[in-house]
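*Asks:* So the chains spell out like this:
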Amino acid sequence: MSKVTITTAVKLSTAQLKKLSTAIEEKYGKSDIQTVVDTNILGGVIVTVGSHQFDNSYRSRVEAIKQQVSTALAE
Amino acid sequence: MKKNASTFNISELLEKASTAVSETEIGHITSFGDGVIQADGLDNVRMGELIDLGEGELGLTLNLNPDKVGIVALTRAAHLKPGSVVRSTGRILSINVSDDIIGRVVDPTGQAIDGGPAIPQGKMMLLERIAPGVMSRQSVSVPLQTGIKAIDAMIPIGRGQRELIIGDRGTGKSAIAIGTILNQADQNVICIYVGIGQKQSTLAQTKQILEERGAMSYTTIVNASASDPASMQFLAPYAGIAIAEYFLDQGKDVLIIYDDLTKHAQAYREISLLLRRPSGREAYPGDVFYLHSRLLERAARLNKNYGGGSITALPVIETQGNDVSAFVPTNVISITDGQIYLETDLFNAGMKPAINVGLSVSRVGSAAQIKAMKQVAGTMKLDLAQFRELQAFAQFSSDLDDRTKAQLDRGTRVNAVLKQGWDTPLKVEEQVVVIYAAVNGYLDPVQEKFLGDWEREYLEYIKDQASEILTSIRAEQKITDDTIEKLKQAIEAFNRRHSEWMLEA
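Residue numbers (the working numbering), protein chains in the order written: chain D, 87 to 161; chain Y, 2 to 506.
This is chain D alone, in the form it adopts within the complex (with noise of 0.2 Å):
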């Protein structure tokens, strides 16, 4: 029984989570879903299994270009 935590900007809508939940217990089983709203992470969807994460917030992809912007300027 895995402990799983979905983090959104904005609050899901029971479809987009019912797919999303589905999708999960397919990999992982029958898992204990908690759903958090954070607005920090700008848009996109974090999916935590355990210590494993699905990153894919919009916060994380600006830090990547940001990341790569500032190496490339350094050269």
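Don't read these hints as lab results, they were simulated from the structure. Do not rely on the hints blindly, as some may be mistaken.
Claimed, not checked - Derived pair list, reagent style DSS-like, types lysine-lysine, alpha-carbon separation capped at 25 Å:
| hint | chain 1 | residue 1 | chain 2 | residue 2 |
| --- | --- | --- | --- | --- |
| 1 | Y | Lys-82 | D | Lys-152 |
| 2 | Y | Lys-479 | Y | Lys-420 |
| 3 | D | Lys-116 | D | Lys-104 |
| 4 | D | Lys-113 | D | Lys-97 |
| 5 | Y | Lys-69 | D | Lys-89 |
| 6 | Y | Lys-353 | Y | Lys-450 |
Assemble chain Y onto chain D, guided by the hints.
*Replies:* Then chain Y, alone, in the frame of chain D:
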């Protein structure tokens, strides 16, 4: 123009930007202090894996427990707080090495710290790697010329050997190491100097000397200075040997110097104690032997099937009060193939390099000497041993028989020939002609105080008037009978020229 170029690249970058979903192991920090982070989560992290601490800073996993992971921060990581998220990178600790790393100064993570551009992408070399096995090795037979007479004549080092330089502070250990690097200019050997826990001013001086003498064209410096975190000091030697292995895999000969492993052991002790690992003798952790043995075993000579390259290691250990039977010194002595033992008393008495020839050993020995050197240095060690015995005897009595006096005089002259400036390496053929003169009695008529001048002028004379002797030795790798005759005549002619230095007949 630069602005246009970078805006152009930014649009390119934005288009190329990774849009894949990132999948990482995460953990949350439960405690952070003294550079050690305890985190929960990180269920599938591996030993030695790099952890992203955020803001481009990295940590190294060193302790795996069922409910927590011990991570050592590689940089200050001042932004971390309890609860901060850390991610695994999936990368085992490795360093980016390419041919352009020669001539640069890098830190143990591969970042350039000499103000130049980043090291271009090459091969990722693992810092922890299993040493070459027995069947891939070859025995050591090619000399590594240090340019120092005392070493090349009596404690010869071969390519692929590990030779320890051990002594108290201020006895000239680093000087021998740097002198050896300076002598590799035409020897086709790539040098790596690893500074562990040194003062930054000392390293700046070292770099300047190497630059002035043109040694940076074949040397790389890996540095973790005294103010760097203990984790960086711990990793520095492994980063150095990883760089060396990159060149070894290409079949090249490499010289690596670890200056010094005492500070390395101390940094490892600091990390282990902070990670609450059980401590043993002198508060060192139980695996401090393994710390050095796995490092030094990676210095080897490979056989032709594996490229035929070699890595020669010159680790440096600093003793306290000449105590070679302390814990870390005895460990490293048992791992290396010999030691060069430097003594404060000799240094203070003016014998520089302050090598104690009696206690120093090279377990490879004459297998790593060219025939010419073997011809002249064969009996030198025995002669010097007999001289040292007589020296003690002579201090008590001034009434000595002629034979003993002669032996003492000969010994003093042979000993004086071993003195050398730290930054004046000699080519092996030059060493051979000087030692030949000393052991065959051509120095006996020279007054003691002029021995230094004699040697200097003699080498100039040979290079000037009889350079075919040097060319012959270099080419043949031995002294032919013809060359011996020429050499005898040259020395006698030289002695006749400088009668002002001779003893009264």
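*Asks:* Confirm or reject each hint.
*Replies:* Here is what the structure says about each hint:
1. Y/Lys-82 to D/Lys-152: Distance of about 23 Å is within 25 Å: holds.
2. Y/Lys-479 to Y/Lys-420: holds, 24 Å
3. D/Lys-116 to D/Lys-104: holds, 13 Å
4. D/Lys-113 to D/Lys-97: Given pair D/Lys-113, D/Lys-97 holds - Cα atoms ~23 Å apart, limit 25 Å.
5. Y/Lys-69 to D/Lys-89: holds, 18 Å
6. Y/Lys-353 to Y/Lys-450: holds, 16 Å
Checked against the numbered hints above, the structure breaks none of them.
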